[in-house]
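A.B. asks: From first to last, the protein sequence lines stand for chains A and B. Okay, so the first sequence: first residue is 54 according to our numbering, each after it adds one. Okay, so the second sequence: first residue is 54 according to our numbering, each after it adds one.
Treat each hint with caution, since some may be false.
The list cannot tell twin chains apart, which means a pair is met if one copy fits it or any two copies do.
Claimed, not checked - In the EDC-like style, the derived pairs of lysine to aspartate or glutamate whose C-alpha atoms are separated by at most 20 Å in a straight line are:
1. LYS267 / GLU313
2. LYS228 / ASP394
3. LYS228 / GLU315
4. LYS95 / ASP283
5. LYS129 / GLU294
6. LYS320 / ASP423
7. LYS265 / ASP283
8. LYS198 / ASP214
9. LYS392 / GLU294
10. LYS198 / GLU315
The hints are simulated quantities; they were obtained by calculation from the structure and are not laboratory data.
Number of protein chains: 2
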Amino acid sequence: MKPSNLLVLTLLALAPISAQPPAGAAGGRGGGRGMFGGPAVKSPEVSADGRVTFRLRAPAAQEVFVTIGGRTAMTKDDQGVWSATTQQPMEPDYYPYNFIVDGVSISDPSNPLVKSIVTGGFQSFVHVPGPSGLSWELNDVPHGKVTHHFYKSGIIGDNRDFYVYTPPNYDPAGKTQYPVLYLIHGFTDDASGWTTAGRANIILDNLIAQGKAKPMIMVNPLGYGTPNPDTNLSAVMANPERQFQDVSRALLQEVLPIVEREYRVAKDRNSRAISGLSMGGAETFYIGLNHIDQFAYVAGMSSAFVMYPKPAGSAPAPGGGRGQQQHLDAAVYANVFPKLDAKAASQLKLLYVACGTDDGLIGVNRDFKDFLKSKDIAFTNIETPGAHTWMVWRRNLTEIAPKLFR
Amino acid sequence: MKPSNLLVLTLLALAPISAQPPAGAAGGRGGGRGMFGGPAVKSPEVSADGRVTFRLRAPAAQEVFVTIGGRTAMTKDDQGVWSATTQQPMEPDYYPYNFIVDGVSISDPSNPLVKSIVTGGFQSFVHVPGPSGLSWELNDVPHGKVTHHFYKSGIIGDNRDFYVYTPPNYDPAGKTQYPVLYLIHGFTDDASGWTTAGRANIILDNLIAQGKAKPMIMVNPLGYGTPNPDTNLSAVMANPERQFQDVSRALLQEVLPIVEREYRVAKDRNSRAISGLSMGGAETFYIGLNHIDQFAYVAGMSSAFVMYPKPAGSAPAPGGGRGQQQHLDAAVYANVFPKLDAKAASQLKLLYVACGTDDGLIGVNRDFKDFLKSKDIAFTNIETPGAHTWMVWRRNLTEIAPKLFR
Numbered sequence: 054m055k056p057s058n059l060l061v062l063t064l065l066a067l068a069p070i071s072a073q074p075p076a077g078a079a080g081g082r083g084g085g086r087g088m089f090g091g092p093a094v095k096s097p098e099v100s101a102d103g104r105v106t107f108r109l110r111a112p113a114a115q116e117v118f119v120t121i122g123g124r125t126a127m128t129k130d131d132q133g134v135w136s137a138t139t140q141q142p143m144e145p146d147y148y149p150y151n152f153i154v155d156g157v158s159i160s161d162p163s164n165p166l167v168k169s170i171v172t173g174g175f176q177s178f179v180h181v182p183g184p185s186g187l188s189w190e191l192n193d194v195p196h197g198k199v200t201h202h203f204y205k206s207g208i209i210g211d212n213r214d215f216y217v218y219t220p221p222n223y224d225p226a227g228k229t230q231y232p233v234l235y236l237i238h239g240f241t242d243d244a245s246g247w248t249t250a251g252r253a254n255i256i257l258d259n260l261i262a263q264g265k266a267k268p269m270i271m272v273n274p275l276g277y278g279t280p281n282p283d284t285n286l287s288a289v290m291a292n293p294e295r296q297f298q299d300v301s302r303a304l305l306q307e308v309l310p311i312v313e314r315e316y317r318v319a320k321d322r323n324s325r326a327i328s329g330l331s332m333g334g335a336e337t338f339y340i341g342l343n344h345i346d347q348f349a350y351v352a353g354m355s356s357a358f359v360m361y362p363k364p365a366g367s368a369p370a371p372g373g374g375r376g377q378q379q380h381l382d383a384a385v386y387a388n389v390f391p392k393l394d395a396k397a398a399s400q401l402k403l404l405y406v407a408c409g410t411d412d413g414l415i416g417v418n419r420d421f422k423d424f425l426k427s428k429d430i431a432f433t434n435i436e437t438p439g440a441h442t443w444m445v446w447r448r449n450l451t452e453i454a455p456k457l458f459r
Numbered sequence: 054m055k056p057s058n059l060l061v062l063t064l065l066a067l068a069p070i071s072a073q074p075p076a077g078a079a080g081g082r083g084g085g086r087g088m089f090g091g092p093a094v095k096s097p098e099v100s101a102d103g104r105v106t107f108r109l110r111a112p113a114a115q116e117v118f119v120t121i122g123g124r125t126a127m128t129k130d131d132q133g134v135w136s137a138t139t140q141q142p143m144e145p146d147y148y149p150y151n152f153i154v155d156g157v158s159i160s161d162p163s164n165p166l167v168k169s170i171v172t173g174g175f176q177s178f179v180h181v182p183g184p185s186g187l188s189w190e191l192n193d194v195p196h197g198k199v200t201h202h203f204y205k206s207g208i209i210g211d212n213r214d215f216y217v218y219t220p221p222n223y224d225p226a227g228k229t230q231y232p233v234l235y236l237i238h239g240f241t242d243d244a245s246g247w248t249t250a251g252r253a254n255i256i257l258d259n260l261i262a263q264g265k266a267k268p269m270i271m272v273n274p275l276g277y278g279t280p281n282p283d284t285n286l287s288a289v290m291a292n293p294e295r296q297f298q299d300v301s302r303a304l305l306q307e308v309l310p311i312v313e314r315e316y317r318v319a320k321d322r323n324s325r326a327i328s329g330l331s332m333g334g335a336e337t338f339y340i341g342l343n344h345i346d347q348f349a350y351v352a353g354m355s356s357a358f359v360m361y362p363k364p365a366g367s368a369p370a371p372g373g374g375r376g377q378q379q380h381l382d383a384a385v386y387a388n389v390f391p392k393l394d395a396k397a398a399s400q401l402k403l404l405y406v407a408c409g410t411d412d413g414l415i416g417v418n419r420d421f422k423d424f425l426k427s428k429d430i431a432f433t434n435i436e437t438p439g440a441h442t443w444m445v446w447r448r449n450l451t452e453i454a455p456k457l458f459r
């Protein structure tokens, strides 16, 4: 018994089902797959020493770049396949990249590993595998589940979603009540960012299996306080008051009650943590430090304090030109945290301020820490190598999760 | 209070976070978003009369097509934005399309509505909105949830996933035991296909809210019987015995036990249905009709019987050239269903064979129905307008779901 060539003929006849355009005069179906067209290209390909080769079939393209830590021109072979190989071996990690084909940025059509962008399009990632001890590696341990919730937000005024991770052995009918980490994505991401690029479910699987983190539920809300960010993302920046006020209200008055009704969770402040990256870091502090009665653990990563609403009359602090560190006047923080003082903050079990030293936001994070110091508020000060990237944030989460709910 | 231009400066400095490459000499950042580059383009845009305009910013591209019901050349304006508008209004539905930029097929970077392709890349969809009575429209009704499961398959030999829809008001600690529909995707899709392009969770939400379908759990398994289909999809076609045997074993021995352990489901054959499209339709019959003791409802859509293993010595039946209807010898079906007879089939509460009359697979579906008739097996014979498309399959599901578990 073997497949007849009837199968091949049929699949050709069915080409419209395949999400592939029909071959034609304009260079044939392009990209990476060879199922119906030319031979498949493998991309990305990671060599044993950690060098990465990127490939794209694009016979008719004039110019193709790969963007990974900068922009690298790719070269075309006589089969119309463009390729480029990193000059140096890359350390084990997940790195973002895309292609630019005649000026158009695209994700790698040969690579299913991507993160969604809320307005459309995708960012590709290449996995340079490492030892199982790296928190983001998929190991042979029990895996939690990720549940996608859909609801109509009366506060924001749109239909939106959030995700809930339940740990291995979570029993919805059992007696165990789990603590909850609310973990928020950054600007341009959607609610799935932490479980795709962030690999947060895999990280928690591993940390829980190793006994390093307590079994917990993780909630990834949508971090936009304005409606329909997929078609109107600019509203987020145009209306910072609404952005922060409404994302806070939606989390506390809509998402949190659904989670506490539908999951077996502990409902006291010592069983709630809030964290997030970039815009989500700014939201973390905005929500957490204004609701210390509800969250005992507050941890921001590479927080985009620059998005905070500015009090009338405040001027930018020195700096802030392109490529320079930005700074924010203390009045901005005082405006956002009017009731924060040392006594209130002393109720926190964790106040964690993390940022990479190559991050353009390091300046405003240091300004924020100066503001905390001016109030005699203790915090965990984390400055790591790295820029504004998921390579930093996965490591941040790996450090933060074990500190929660102790 | 208003945002200072510090915010804009900072976001420029942070451009690497945005999943967008830096602007440069090769035409600038391309695609659709204008947050950091030129003005945003809106794509797709549906006019009040149902005409659809597609747009892509690609100043340096030589040739851009949109593929929607064929390939249409787009035209470039003096801003470098390519566009094309459908000549006719389109009936309300979700239609697949992509762009071809200098020979490379890409999804629409301005449109987050996509379906994943298992090997990488995406298919875009445009929503032409219709009345709320259309089963796939998002209505103001209670929504179920979709849970993403991850497990290591000993049978297939890889790490894989499946999705579980739980209906509104599903109570994991309650007494209600729900029936289960196992619903399988087609070739090149992944396990998410039915809840993205298929909108199966939305369809079930609506049918349940209207009282047309019984509240049920839906499981969307991964329909590949060979390991790592994301990097080795051709193995599926190269080894049809393994494909069908192992996908059947993985469903019955791995996925089904997890579902029946972790969800409140009824575990008798009258509470189990199996359905699927294309490759998943061929699997539906392969699994369902060889396990009538386990499934009382079996419903295939546009089933790709051409993928079945061929008995030694069988020859293709006449037909089968490109663009022609394919046919399969009855010996193929007799080989795949050795124990099927009228007595066994009489235990089925539904045997449903659906296919569009413009589908290249209509011939093999008619052959299959002839095979059933030759065995005196009763079935529901559905031939609808339409080709091998999601426009057909969403309607199929809308017809099938109300017939289940009655």
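A.B. asks: Evaluate each hint against the coordinates.
C.D. replies: Now for the hints, and whether the structure bears them out:
Taking CA atoms no more than 20 Å apart as the test, LYS267 paired with GLU313 passes inside one copy only; the shortest distance there is 18 Å, against 27 Å between copies. For a Cα distance limit of 20 Å, the shortest separation of LYS228 from ASP394 qualifies neither inside one copy, at 37 Å, nor across copies, at 49 Å. For the homomeric pair LYS228 and GLU315, the shortest alpha-carbon distances inside one copy (14 Å) and between copies (16 Å) are both at most 20 Å. Within a single copy, LYS95 and ASP283 get their C-alpha atoms only as close as 31 Å, which misses the 20 Å cut-off; across copies the closest is 11 Å, which meets it.
Proximity of LYS129 and GLU294 under a CA criterion of 20 Å is satisfied in neither setting, with 49 Å inside one chain copy and 39 Å between copies. Within a single copy, LYS320 and ASP423 get their C-alpha atoms no closer than 33 Å, and across copies no closer than 61 Å, so neither meets the 20 Å cut-off. In this homomeric assembly, LYS265 and ASP283 never come within 20 Å of each other (Cα to Cα): the closest approach is 37 Å inside a single copy and 32 Å across copies. With identical chains, the CA atoms of LYS198 and ASP214 are at most 20 Å apart both within one copy (16 Å) and between copies (10 Å).
In this assembly of identical chains, the alpha carbons of LYS392 and GLU294 lie at most 20 Å apart only when taken from the same copy (17 Å versus 68 Å across copies). Taking CA atoms no more than 20 Å apart as the test, LYS198 paired with GLU315 passes in both settings, with 15 Å inside one copy and 11 Å between copies.
Consistency with the previously given hints fails for numbers 2, 5, 6, 7, ordered from lowest to highest.
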